[in-house]
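Build the full structure now, drawing on both the sequences and the hints.
Just so you know, we're using numbering that gives the first Met the number 0 here: the sequence shown kicks off at 0 and counts up by one.
Calculated from the structure, these hints are not laboratory results. Where hints are given, some of them may not hold.
Here are the computed distance ranges between Cβ atoms for each label pair [stated by the list, open to error]:
1. SER102 - THR77: 31 to 37 Å
2. TRP112 - ARG32: 15 to 21 Å
3. PRO22 - TRP112: 27 to 33 Å
4. TYR111 - GLU138: 28 to 34 Å
Beta carbons: idealized from backbone N, C-alpha and C, even for Gly.
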Amino acid sequence: MSKAPIPQDLEVPPSMAGRVERPWHYSLFHLCRELNSFMECWCCAPCQLSRQQYRLNHASPSLDIVSCACLTCANAMTGGLAVCCCTMTVRQNMRKHYGIAGSSATDCCAAYWCTGCAIQQQLLEMTSVGQFPGACCYEGGRGPVVEAMT
0 MSKAPIPQDL EVPPSMAGRV ERPWHYSLFH LCRELNSFME CWCCAPCQLS
50 RQQYRLNHAS PSLDIVSCAC LTCANAMTGG LAVCCCTMTV RQNMRKHYGI
100 AGSSATDCCA AYWCTGCAIQ QQLLEMTSVG QFPGACCYEG GRGPVVEAMT
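Right, here's the structure in full:
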């Protein structure tokens, strides 16, 4: 029985290629050093999270308007807890996809204690690896200069 050839354009995420984990390119508290991404993540969190999740699963950036609307409504009904939970889920998916070191506990703490900071860190991470998820508040894609975390 012969195996089918692997397509050449298939990109294997680092987490699947091996268990070598790297740190985030940006600190959790990058905040005002990147005002565009700061405003995007603090003012448009539900839409940015839906963009990040969509980009992790698709080849091109787009806004999943249904996901954004549902998250906005759920967030209003739960006093902000829905965005915290979604941030943690997207963060876990992103760490697995890009092979970033961390744990569910650190994801939970970042999502709960500094939701906007975590969403911004995720946006900058995706941008730095060439997978800009799109934004409502600015046009981007090249991303800021990467500052390696040590």
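*Checked against the structure, which of the hints given earlier come out wrong?*
1, 3
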